[in-house]
Structure formats: C-alpha cells, structure tokens
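*Asks:* One-letter residues, chain by chain:
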Amino acid sequence: MKVKEMMTKEVTSVSPDTNAQEALDLLLEMQISGLPVTDEKNKLVGMFTEKEALSAILPSYVEKVGRFRYEENPKAVRQKVLALRNMKVKELMRCSVVTVDEDTTLCEVARIMLTQKVRRTPVLNKAKDVVGIVARGDVVKALFAEYK
Amino acid sequence: MLGWGAKILGLDLHQALSISIFSVSILGTLFFWDFRLSFAFLGTSILLITKTIDLDNLIKFSSLEIILFLIGMMVLIGLLKEAGLFAWLVSLILRIRNLSATKFLIAISIISALLACAVDEVTSIIFMVAAILEICDYFEVNPVPFIISSVLTTNIGSAGTVLGNPIGILIATKAGLSFEDFITRAFPLMLVCLGITIFILMIWYRRTLRELDQKIKELGANEILVRLISVPPERQLKICLGIFGVTLFFISLHHRLELFLGLETNTILLIAPLISAGLVMIWKWEKARDYIEKDVEWWTLLFFLLLFAQAGTLKYTGATDVLARKIVGITGSNPHFLTAAILWLSTIGSSILDNVVLVAAFIPIVQGFQALSVNMQPLWWALLFGGCLGGNITLVGSTANIVALGILEKEKKQRVSFFQWFWVGLTVGLITAGIVWVALVTLPIYR
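In order, the protein sequence lines correspond to chains V and P. For the first sequence, the positions run 1 to 148 when the numbering used here is used. For the second sequence, the positions run 1 to 447 when the numbering used here is used.
Hints in this document: simulated from the structure, not taken from any laboratory. A few of these clues could be false.
Stated by the list, open to error - Examples of chain P residues lying across from chain V (beta carbon under 10 Å, computed): (1) G84; (2) I126; (3) E140.
Claimed, not checked - Here are the simulated distance ranges between beta carbons: (4) E63(V) with E65(P): 44 to 50 Å; (5) V81(V) with E65(P): 35 to 41 Å; (6) G220(P) with K43(V): 51 to 57 Å; (7) L26(V) with I431(P): 46 to 52 Å; (8) E65(P) with N86(V): 49 to 55 Å; (9) Q420(P) with K75(V): 23 to 29 Å; (10) I96(P) with I57(V): 25 to 31 Å; (11) S33(V) with W299(P): 30 to 36 Å; (12) K9(V) with Q420(P): 32 to 38 Å.
Beta carbons: idealized from backbone N, C-alpha and C, even for Gly.
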C-alpha cells in the first residue's frame, strides 16, 4: 500500500502570517496535534504543532537543568500565553519538516516516523505541493488492517 | 604576514608553521565559533601532513588524561542533574528567611561561585540563570543585573578549584599542582575576589536592589515563593550527593594517596571521576548510554583534544621556547615582571578569546620559562586567575557569559549591550586582577 491510498487528502493548513492564537484554537477545535504551514503557492514552509506552542510557553532551559517540579504556574507562563495573541505562526513554527512523497510505502512512512520521531508527516507531490497528510495513528491502523 | 613575523623572531619553518596553524585555529574560534571543530580537524591534519609533528607526539600532547577526567565529571554531573540536585540547591535560595534584595544578591553570588568550584561553569550558570529568571519573574523585576552578577561570580569561582574550569585541570596537570595546592592558594584568593566583587555589585546595582526590596514588600516573600519550585528529597538524591561527595573527597586527598601508593603525580586526581562514573554506570546501567551520549559534550571535548595537540606542537617544535626567551629578553627574568606579564596578558586575552584556547596557548610558553631558571609558581597562578578573571571583562569573554545572555535573550527578548556589560565587567575584572597581582608578588605562599 502506498501512502496516497490512505492519507488525508483534505488538508487544513495555516499561513505563516496566521495569528498564533488562532492557529492554536484551530488545533484544539479540530482535535489534532499539528498543522502544516504553507505559503500562498501551497508550498510547505513549516509545521505548527502543540509541541511548538508548549515550547513557546515554557522556558527554554527546562530541558537543560535536570529534574525539578513546578508547584505553581509561574507568572511568566501566563504572560507568554497572553503574548501568543500578538504572535504569528512563523515566529513559532518548526521550519525543518519531515515529509514523504505520494508513492512512499506504508512501511517506509512507519520507519520515518519512528526514526525521525514525528507523529505526522505532510505528503508532497512531485511539484512539492502539499497534497495530503498522514498521522501516526493512520499508519498503525492501515498497517494492521493490511495484515489482519 | 605570519611568515615575515616568524623570520623576525628567528623561527624555523616548522616553528613558524605550528604558530601559523595554531593562530588560524584561534582566529577561527574568534570569528567562526560554530566551525571551531572543523578548524581543529583541518589544522591538526596539516600539522601531520607537513611533518611538523608525528602521530605519537600528537597523541601525547592531546592530553587524553584531561579529556577522560572531563568525561568522568560530565557523567557525574548528568547523574546529579537527573537526581534534581540543582533544583534542590535553588530551593535553598527560595527558603532564605526574611528575604531581602541584598540577601538575594549575596546568596546568588556565593552559590554561583561555589557551584562553579564544584562543577563546570556552563552547567552551573544554566541553573543559576534559570533560578534567577524564575525568581525575578515572580517579583516582576529586571533580571539583568542579577544575571550579570551571577556570571561574574561564576567566572571568579571557577578559579577556586581544579574542578571549576577546564583550565584548572589543564594547569594542574601541566604544572604538577595538586588539589591541595588549589585549596590553599587559589581558593582563598578566589574568596577575597568574590567578597570584593559582591561589594562592588551592591553599589553598582543599588537602584535595582531598592526596586527589588520594594517588590518584596508589595508581593510578600517566602511563603509563596517557596512553593514555586521544589524537588522532593528522595533517597536517590542523597545517594547521588554521597557519590559526588566521595569523589570530591578522593580528589581532595589525591596527592597524599599518590605519595602513599607510589603513583605518578595526579593519577588519582584524573581517575577519581572515572571510577565514580564507572560505578554510577553500573548502578544506573539502563541509563549508562544516555549519560555517555547526552551528558558528555563530545563536540567540546574533541575540540579541546585537538587544541591541546596543536598547542603541544608549539612546544614540540621549540616555537614557544623561542617566544619564552624573547619575553624574558624584554622583561628580564625578574619574577615580578614576568608574573605581571602573564597575568595581564592572560586577563586581556581571556576577555576576547575563549579561556581554554588562551591557556592552552600560554602553557607551553610558561613551560619554556622553566629552562631559563625562572620560578614557575607565581606564573601558573597568574595564568589561572588571568584566564578566569579576564572572562568577566566583555560579554564574549567566557562561555558562561554567552550561555547566560543567550538564555536571557531567548526568554525575555532582552539583549545586554556591549557597554552595559563592559563597564561593570571591566571594573570587576581590573580590580580582581589587581588584587591577584598584589597577592602573587607579595605573599610568600605564591613563591
């Protein structure tokens, strides 16, 4: 099975100039964890996910200082959450995005997701337009359905 | 240009080449910091291809024992971080009774300095900056003065022991100095510099301290702050503290143990962290690979390895002996002049260059003075303190400065300007270096 047979073809995306709060609201409304960011020519320029939102809110040093626990929500977090209203997606998005093409096999998509630690990958055609998106859950479902 | 300079100094081809390659590496680190490892790889390869040095001597000069020491310490620090030791230290700050701005400044300065004595300056500054940002966020005050204070005292503290800065272990092994030598000679002088620095900072930032006092009155202090961050005391934390304590114990007694066991100088100093790290990796066998792959800074260590090898080439070719003779020709073998020259050159140099690069370059020159019957003792201390204190003068003077300001810019979108740092850094740098100079030339303990 190729990824084009099981990918989600109706792709919701945001532009780099979309308001970050609006993009986050869209994620929550659609109950998905990430959206591709495309320019006016439908070329992929980044990914905006829950992880980017959390990275914007929490201090960057949390991963470097070892184990500790917040007993209260710091004031800075509240300020950063409010600051999202004045930020654009391009300020938060991840620019380096793992993608696959339409003819990638299911197993290869699974391998990429596992080794590159991604939960969703945009699918591009030969012209590098975004033509679909495939999530890890979809891959698992399709793989197990194929071999049942 | 370098060839012409080499001719004037009376250097031969290999000597000129070794200086050129090393100079290019230094300039590369100055202007292309991200590519420093590439410069180190290529420069070392050129030295081998041109037969400026051979493989056996290259490996000998690369000071693998120091690299292994640093690896052992990094594994232990990874263990400590995972156990939450640093969060525990920060929660100690938050528990200061009747917190005031002055107490806060003194506490972060002393903790920064002492932490930098025990672990590497980059690890200690990351945690101090994190603590300062969290606390200043709560009190809604500008964190910049406190971050600058913490960095200045971190750089000072890193001169106090062999552990604090890679240049400490580098000088200890090349000069045959022990941990005890550092504790009796470097640590007290570091404390004097620290005290003077805290006094300077209290005056320099008196307005910020008044603002913080006002905020502490408005917002209330410890009852809420103490709940902000916590690390529950656990058995694991106590065990990790014990492991680190035992390692420090053996490091502090290494000289006496080496004499007792008839071992080569600094053997136990260098292997104590390896033994502890080895035992830790047995205890935490499922995380052992993580400690090695994630907590050991391989990029930095490889750079050091090749930098030391290139610096060793300067000695191998005799280039630094020529330079040493030229310097003595100018200053005479008057120890006071030489001490001043080494101290102030390394202070000024360290304000621009990375201190490990600078000290690695100076060591063979200082070793060259030995052949000229110069008393080496004060020169080594001059190099240590110059390398550490000079890092305070500019905001690029030390890795701790760059790391701290990078975090500040990322979290607060605040940039410290060159002169915002320079005036306080220069004041602290010059005064502390001056104190060290007076101590080195007047006190018999340094002769």
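*Asks:* So, for every hint listed, does it hold in this structure?
*Replies:* How the hints compare with the structure:
| no. | hint | result |
| --- | --- | --- |
| 1 | G84 | holds (4 Å) |
| 2 | I126 | holds (5 Å) |
| 3 | E140 | holds (7 Å) |
| 4 | E63(V) with E65(P): 44 to 50 Å | violated (31 Å) |
| 5 | V81(V) with E65(P): 35 to 41 Å | violated (50 Å) |
| 6 | G220(P) with K43(V): 51 to 57 Å | holds (53 Å) |
| 7 | L26(V) with I431(P): 46 to 52 Å | violated (57 Å) |
| 8 | E65(P) with N86(V): 49 to 55 Å | holds (54 Å) |
| 9 | Q420(P) with K75(V): 23 to 29 Å | holds (25 Å) |
| 10 | I96(P) with I57(V): 25 to 31 Å | holds (29 Å) |
| 11 | S33(V) with W299(P): 30 to 36 Å | holds (32 Å) |
| 12 | K9(V) with Q420(P): 32 to 38 Å | violated (54 Å) |
Checked against the numbered hints above, the structure breaks hints 4, 5, 7, 12 and satisfies the rest.
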